[in-house]
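**Q** Once you've looked at the hints, dock chain B against the given chain A.
One-letter residues, chain by chain:
Protein chains: 2
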Amino acid sequence: MTCAVFCIGTELSRGELVNTNATWLADQLTTAGFDVIENVVVPDDFEAIESTLERLGRTVKLIVTTGGLGPTTDDFTSEAVARTLGVPFVRSEEALSQIRQRFQRAGRTMSPSNEKQAYFPEDARILPNRVGSAPGFSVMIGKAIAFFLPGVPREMMQMFDAQVLPAIRGMAAHNSFQIRLQTYGVPESVVGEKLSDVERLFPGVTLGYRAHWPEIEVKVLAQGDLPAAEELCKAATTAVRERLGSAIFGDGEMTFASVVGAALRQRGETLALAESCTGGLLGAKLTAEPGASDFLLVDAVTYSNLAKTKFLGVDEEILRAHGAVSAEVAMAMAEGVRREAQASIGLAITGIAGPEGGTDAKPVGLVFIAIAAASGTRVIEKRFVGDRQQIQLFSAYAAMKMLLDGADIARQEPA
Amino acid sequence: MTCAVFCIGTELSRGELVNTNATWLADQLTTAGFDVIENVVVPDDFEAIESTLERLGRTVKLIVTTGGLGPTTDDFTSEAVARTLGVPFVRSEEALSQIRQRFQRAGRTMSPSNEKQAYFPEDARILPNRVGSAPGFSVMIGKAIAFFLPGVPREMMQMFDAQVLPAIRGMAAHNSFQIRLQTYGVPESVVGEKLSDVERLFPGVTLGYRAHWPEIEVKVLAQGDLPAAEELCKAATTAVRERLGSAIFGDGEMTFASVVGAALRQRGETLALAESCTGGLLGAKLTAEPGASDFLLVDAVTYSNLAKTKFLGVDEEILRAHGAVSAEVAMAMAEGVRREAQASIGLAITGIAGPEGGTDAKPVGLVFIAIAAASGTRVIEKRFVGDRQQIQLFSAYAAMKMLLDGADIARQEPA
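Read top to bottom, the protein sequences are chains A and B. Be aware that the first sequence starts at 1, since it is given in the working numbering, and climbs by one per residue. Be aware that the second sequence starts at 1, since it is given in the working numbering, and climbs by one per residue.
Be a bit skeptical, because a hint or two may be false.
Which copy? The list can't say, so a pair holds if one copy fits it or any two copies do.
[Stated by the list, open to error] Restricting the straight-line Cα-Cα distance to at most 16 Å, the calculated cross-link-like pairs of lysine to aspartate or glutamate (EDC-like) are:
#1 Lys-219 / Glu-16
#2 Lys-219 / Glu-11
#3 Lys-234 / Asp-251
#4 Lys-143 / Glu-215
#5 Lys-310 / Asp-27
To be clear, the hints were calculated from the coordinates, so they are not data collected in a lab.
Pulled out of the complex, with its shape left as it was, chain A reads as follows (with noise of 0.2 Å):
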């Protein structure tokens, strides 16, 4: 079952905005098992909707349309539409009073413009927009269905979801079911040579990656009717597992930050960074999963040597010595913001990020990641090579590994 995903604006064939919609959409279309087979933009013009109309009505089953649904001169899509179909363009009094009640409840005055959003192509299915001004609509383009929808992206997602996808999904050729497995620590081309083999041993088995880098998703759909598809999908999965090992961390929309949350919560610890080289991100990326402030107590990202001194109690001594990037540093940092906070663990990063600041003893990249609990103090070395982003990105992982693998660590002897 063919589809197309077909996205009209200016602002998006210019390139003034990434089009996140057609990724989201034909993500949602392959899922519910369609095979999408274009996705194309044009501007906010009547000729280039029309054709690309006329030409996905002859090669395709689906259409999903976004955008131009708006109440300015240059939102035109349902006007275009009447006219690729040849009949009128005529206005919904019903849709007019949804539009109206809508700015009546939020205690706006409707303006004149958006009476426009009211017009449709004479018989389309209009389709309610519970979040926004603009309603959608279906019609028969040729041998396809086609929708409408806005472009704003929380209006299409939610009438996409609501009103699409329950109307299409008998169409598809077959059913399918779909595993989600999350990965860290192997590099994609890693991944992709793991799992080459797992394509062939399992007919009606594609698998999918998408990078959150350094995290990998990895896809498991199974095509075909139900209960089969789901079996498959679950026999290639263990095949994906076992070739993965412990690079998978969880499953469906997991992170590796929610995971080691978790792990934190659930062994009833209490945590305090120190970042310098990463600049906050650890605690970043740990605060941006929600109840993160059940487990962490503070992240005290200290540039200066004064305020490493201050802040975390680190000897002047120990940073005259061995200089603020080393392993006795971080070791200070991490007891020092674990016994200031009063935490059950305290974790310290210290390193050179770049692009300036290397020297030949410590080049950019070197980074010393150091954990402290009760048990004792354990630091790593890392030499990271990348640009300063990837390398504060790498630090922050690798410092959120050790989190995972434990406070136990910190009795074992430095790897």
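**A** Here is chain B on its own, set in the frame of chain A:
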């Protein structure tokens, strides 16, 4: 002069990856004076590639294509082009030797699959790749000149800048001149309204907007021959500046954080931050710019009350009497972090970013920001509307605005 951007790859058509290449190319081509009338994506599929090339060869004068030039079995753009043109698919000994040399220089052995990357449609002009293994090429398809570039963004961008742009510049119907202005503090819809007459007053000028929320870039593009286009652009830019006033904080590549950092450095200030509900976002914004360590001494992200007491010296009595989210605690945090870090300016943010933790008296979105300097301490109270991420971002920007306005502001009465 019409053109199209054509991206090939199943990972794009399925929505596994956001298509930033299309956005970047469309922006570059628009700026160079071309009229981008279509951006299209198809999967790695011979028929889809061939039919799209044939169609675009009839409708545009320039096609820029990315993807499908790699060494793996699903990369066959070059062969599909040869089929489209009905010409032999032949090996270039020169390209093969360049690919081989590239592997030798990197100390790696060339795999047999890379040999495929030396095959091109007969008579194609080969475009060397200085930063990767896949050479590109150009051919005529119908009435269009078509350029084929790798899908790896870094390689694609380098080849577009070095080889495509010089070749096509003369093709643009006219030249153009562009000025970019950076704004903060006015919503995108209001920016658009304030500038609604500019395109009409200056025929030949097009305004473009790009939101790096809450910063909004305004692009003033004048098309026409130089130097007339430059004069036109500058005149329109003056009109834009008059209409947006102090909302414009810079031009070109400037970010708000870079302007704030430059102002602090120029005034010879040193800065200590104490953050609570923003979780280190303010520090992250400032340190994302090179050289922030010149002035930023510490960013103490204190979640627990104990951390506010221990790290910032906030009096337990003040916390008990007013609560952590209060003007009094914000001021004590700013003064405390300034004193402990021995900085010339202390700045503190405390508030409720949500989604949990709001009450009737202290709702989600209530934020206090305090700035402390030798001349005194000033605090502002804000009530932001939005989700957690938006409230954090608004808070960090409001704090940066206070830093930009200067420490002298501490002498003034609260606004």
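**Q** At 16 Å max between alpha carbons, let me know whether Lys-219 reaches Glu-16 within a copy, between copies, both or neither.
**A** Between copies, since 10 Å is at most 16 Å while 30 Å is not.
**Q** Checking Lys-310 and Asp-27: alpha-carbon separation at most 16 Å within a copy, between copies, both or neither?
**A** Neither: 51 Å inside a copy, 49 Å across copies.
**Q** Up to 16 Å between alpha-carbons, please classify Lys-234 paired with Asp-251: within, between, both or neither.
**A** within (13 Å within a copy, 54 Å between copies)
**Q** Please sort Lys-143 with Glu-215 into within, between, both or neither, judging by C-alpha distance up to 16 Å.
**A** neither (41 Å within a copy, 44 Å between copies)
**Q** Between the shortest in-copy and the shortest cross-copy C-alpha distance, which are at most 16 Å for Lys-219 and Glu-11: within, between, both, or neither?
**A** Between copies only: 12 Å across, 31 Å inside.
The structure does not agree with the numbered hints 4 and 5 stated previously, though it agrees with the rest.
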